[in-house]
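Student: So the sequence shown is numbered by the numbering used here: it starts at 591 and just counts up by one.
It is possible that some hints are incorrect.
What the hints assert, rightly or not - Keeping only pairs whose Cα atoms sit at most 20 Å apart, straight-line, the calculated EDC-like set for lysine to aspartate or glutamate is:
id: 1; residue 1: Lys923; residue 2: Asp881
id: 2; residue 1: Lys898; residue 2: Asp819
id: 3; residue 1: Lys810; residue 2: Asp881
id: 4; residue 1: Lys923; residue 2: Asp861
id: 5; residue 1: Lys898; residue 2: Asp870
id: 6; residue 1: Lys888; residue 2: Asp926
id: 7; residue 1: Lys643; residue 2: Glu668
id: 8; residue 1: Lys700; residue 2: Glu887
id: 9; residue 1: Lys898; residue 2: Asp962
id: 10; residue 1: Lys905; residue 2: Asp819
id: 11; residue 1: Lys864; residue 2: Glu887
id: 12; residue 1: Lys905; residue 2: Asp650
id: 13; residue 1: Lys842; residue 2: Glu887
id: 14; residue 1: Lys898; residue 2: Asp926
id: 15; residue 1: Lys842; residue 2: Asp861
What the hints contain is simulated information worked out from the structure, not anything from laboratory work.
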Amino acid sequence: MNCGRAPTTVRIFMRPLSWRDRMTDRALRIMFLTHYFPPEIGAPQARMFELAKRLSDLGDEVTVVTAFPNYPTGIVHEGYRGRFAMEERIDGVRVLRRWVFATPNSGFFKRILNWVSFALTSLTASPRVGPVDVIFVQSPPLPIGIATLAYARLKRAPFVFNVSDIWPQSAVELGMLRNRFAIRLAEMLEMHIYRRASRVTLPTPGMLQRLTDRGVSREKLFLLTNGVDTSTYRPQAADRALAQKLGFDGRKVFLYAGTHGLSQGLDIILDAAKLTPPDDILYVLAGEGADKAALVEKARVEHIANVKFLPNQPKSSMPALLNLAYAGIVSLKPLDLFRHALPSKMFESMAVAQPLVAALWGEGADLVQSADCGVV
């Protein structure tokens, strides 16, 4: 799957139905509204940047409204601290940043404050955004829908709502949200956003079918799958200097690179490490997240010697890091909400011809088996 195809897809579904009779060749003025964006590392960050960058390269006028980078540690990155607002350009893409209540990706109440704070402060960017033809929104977090509805009214523009996880269902199944009244309010907001959206995009057929079954108009639902830039992620010779720098010692590396959060269930990697001869395999977990401290402590207390933890790696280093590994690991908890998940890191491993060890079920497991690219 090549991200180079994405702009054509986006250009098709971003034209609202009411515009069909008056399409022109002029550049579209596109606003991206997203809580997450580079220099943060993660799937939504990469997805939004790649779409924004390619649309900009095609000649459209793109403006991104986003928060100051702080995910997942809750620490605002150096160079962005002590400000309420700023404007910058990343690879030619215009980015407007606004203050956010920065907090680690743990504790649901603090997360709510984090999400709602940006939903409110993002609106102060409206004068700087200027007129727009269409708004493209990344969800979760669901509270960004509040800002979406306000921007749609302020700009008199249709919006495309990109749903990479269905909320509040995900929060409920992960045990993050239990209050019935809060769940009902969140569901009401969710369905109202779907009704107001000109398009709702989802990454897998199963997620699309789930919203269809809940009564969302099939006409406005579109499939926008995850992908990978195969000009960047490709098989390469192992970088021995990088291996030495990271402390790899010649053992076969089984690599997990991504968020260490509530969804991933990474304890399973440590449990596997305890069953593996320590001289043969090194399990490397690269990234940050709410569960990382607990995982590091478990490895220490249980004397699991063949596990190595790395901080978030720069995006530019990821292809080389993947090419150092004997196999990649993809893991999600065995919950119904992940039955239709296709984590983006799967495609990065596949692009470098790296076999996968997939602790998945449903669509993710089916893809690994049908592509014969790993074990489930």
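Student: Hint by hint, note whether the structure agrees.
Tutor: Each hint, compared with the structure:
no., hint, in the structure
1, Lys923 <-> Asp881, "13 Å, holds"
2, Lys898 <-> Asp819, "28 Å, violated"
3, Lys810 <-> Asp881, "37 Å, violated"
4, Lys923 <-> Asp861, "14 Å, holds"
5, Lys898 <-> Asp870, "14 Å, holds"
6, Lys888 <-> Asp926, "27 Å, violated"
7, Lys643 <-> Glu668, "23 Å, violated"
8, Lys700 <-> Glu887, "23 Å, violated"
9, Lys898 <-> Asp962, "28 Å, violated"
10, Lys905 <-> Asp819, "12 Å, holds"
11, Lys864 <-> Glu887, "15 Å, holds"
12, Lys905 <-> Asp650, "25 Å, violated"
13, Lys842 <-> Glu887, "24 Å, violated"
14, Lys898 <-> Asp926, "30 Å, violated"
15, Lys842 <-> Asp861, "17 Å, holds"
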